[in-house]
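Visitor: For reference, the chains in residue letters:
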Amino acid sequence: DGGITQSPKYLFRKEGQNVTLSCEQNLNHDAMYWYRQDPGQGLRLIYYSQIVNDFQKGDIAEGYSVSREKKESFPLTVTSAQKNPTAFYLCASSPRGAPPTQYFGPGTRLLVL
Amino acid sequence: DQQVKQNSPSLSVQEGRISILNCDYTNSMFDYFLWYKKYPAEGPTFLISISSIKDKNEDGRFTVFLNKSAKHLSLHIVPSQPGDSAVYFCAASRNAGNNRKLIWGLGTSLAVNP
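As given, the protein sequences belong to chains A and B, one line each in that order.
In terms of the numbering used here, the first sequence is numbered consecutively and its last residue is 113.
In terms of the numbering used here, the second sequence is numbered consecutively and its last residue is 1114.
Bear in mind the hints are in silico, worked out from the structure with no lab data behind them.
Remember, predicted model here, so these are calculated numbers, not experimental data.
Any given hint might turn out to be false.
As the list claims (entries may be wrong) - Derived EDC-like pairs: lysine to aspartate or glutamate, alpha-carbon spacing no greater than 20 Å straight-line:
| hint | chain 1 | residue 1 | chain 2 | residue 2 |
| --- | --- | --- | --- | --- |
| 1 | A | Lys9 | A | Asp54 |
| 2 | B | Lys1068 | B | Glu1058 |
| 3 | A | Lys57 | B | Asp1001 |
| 4 | B | Lys1054 | A | Glu72 |
| 5 | B | Lys1101 | A | Glu15 |
| 6 | B | Lys1071 | A | Asp30 |
| 7 | B | Lys1054 | B | Asp1031 |
| 8 | B | Lys1038 | A | Glu62 |
Stated by the list, open to error - Computed footprint of chain B on chain A, listed as stretches where at least three residues anywhere in the stretch have a Cβ under 8 Å from a Cβ of chain B:
| hint | stretch |
| --- | --- |
| 9 | 34-43 |
| 10 | 102-112 |
Stated by the list, open to error - Pulled from the structure, derived: some chain B residues nowhere near chain A, Cβ distances all over 12 Å:
| hint | residue |
| --- | --- |
| 11 | Val1013 |
| 12 | Asp1031 |
| 13 | Ile1050 |
| 14 | Arg1061 |
| 15 | Ala1091 |
| 16 | Ser1093 |
| 17 | Arg1094 |
| 18 | Lys1101 |
Idealized CB from N, CA, C, for every residue including glycine.
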């Protein structure tokens, strides 16, 4: 059963703590993306990766870090430098070519204690 | 600077009637436009896309129309069903080599009333 999985569904962070959100896909897609959605807002791009071992900053990369060591995996770390981390985080992947359709995981809600 | 705009935050229609969701864009270099549907606390689901070289694409109850001269596209849902109640996002893409990003609108919340 192909798809994108994100874990955990809910995550709690204490002040000053780094947390890592998992994103895995078995669709053999080259590109992967991380978005953040705040209540009543659209999707804002945090980081994206078009190929293994390469990634680019999106519009709101400050306070976040990523790695892309394997094609299937694109974990996102929310660092203590991110002052307002409470949000709904969405991971997506897309194959090469057109149309540039992105397929999304179920999301992770991060809450600060 | 919002390159993709969905000017109606919400829309309410009766079951069985047509829902029309609108989207405007500013960048004439966009070559693909996509519509997504999103339920609360879930990831967006791809609905339908259209290439900039076409003016219409249809898939079942969903049709997207593109008016390039007006930089406007619309998603028509006919007939509307209560299960269509969700937030609908318009997104656009520009082919910049291998760097394919989607530029997103802020969404329109559709309520289909029984």
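Visitor: Each hint needs a verdict: does it hold in this structure or not?
Guide: Tested hints:
A distance of roughly 26 Å separates the Cα atoms of Lys9/A and Asp54/A; the hinted pair therefore is violated under the 20 Å criterion. The suggested pairing of Lys1068/B with Glu1058/B holds, with an alpha-carbon distance near 17 Å, which does not exceed 20 Å. Between Lys57/A and Asp1001/B the alpha-carbon distance is near 18 Å, which keeps this suggested pair within the 20 Å criterion. Only pairs whose Cα atoms come within 20 Å are accepted, and Lys1054/B paired with Glu72/A is rejected, the gap being roughly 34 Å.
For the given pair, Lys1101/B sits about 32 Å from Glu15/A by alpha-carbon distance, which is inconsistent with the 20 Å threshold. Among the hinted pairs, Lys1071/B with Asp30/A is inconsistent with the structure: their alpha-carbon atoms are about 30 Å apart, more than 20 Å. As the CA atoms of Lys1054/B and Asp1031/B are separated by approximately 10 Å, the hinted pair is consistent with the 20 Å bound. Distance hint between Lys1038/B and Glu62/A is unfulfilled; the C-alpha atoms sit about 26 Å from each other, more than 20 Å.
Three residues within the 8 Å Cβ limit are the bar, and the stretch 34-43 of chain A against chain B gives 3, so the coverage statement holds. Chain B is given as covering the stretch 102-112 of chain A, and this holds because 7 residues of the stretch bring a CB closer than 8 Å to a CB of that chain, at least three being needed. With 12 Å as the threshold on Cβ separation, the claim that Val1013/B sits away from chain A holds: the shortest Cβ distance comes to roughly 21 Å. Here Asp1031/B does not stay apart from chain A, with its beta-carbon only about 8 Å from theirs, under the 12 Å limit.
With a least beta-carbon separation of about 8 Å from chain A, Ile1050/B fails to lie farther than 12 Å from that chain, contradicting its non-interface assignment. Distance to chain A confirms Arg1061/B as a non-interface residue, since its nearest Cβ pair spans about 19 Å, more than 12 Å. In this structure Ala1091/B is not separated from chain A by more than 12 Å, as the shortest Cβ-Cβ distance comes to only about 8 Å. Against the 12 Å criterion, Ser1093/B falls within the reach of chain A, whose nearest CB is about 4 Å from its own CB.
A Cβ of chain A approaches the Cβ of Arg1094/B within 12 Å, the least distance being about 9 Å, so the stated non-interface status is violated. The beta carbon of Lys1101/B sits about 7 Å from the closest Cβ of chain A, which is not more than 12 Å, so the claim that it is off the interface is violated.
In this structure, the hints that do not hold are numbers 1, 4, 5, 6, 8, 12, 13, 15, 16, 17 and 18, in rising order.
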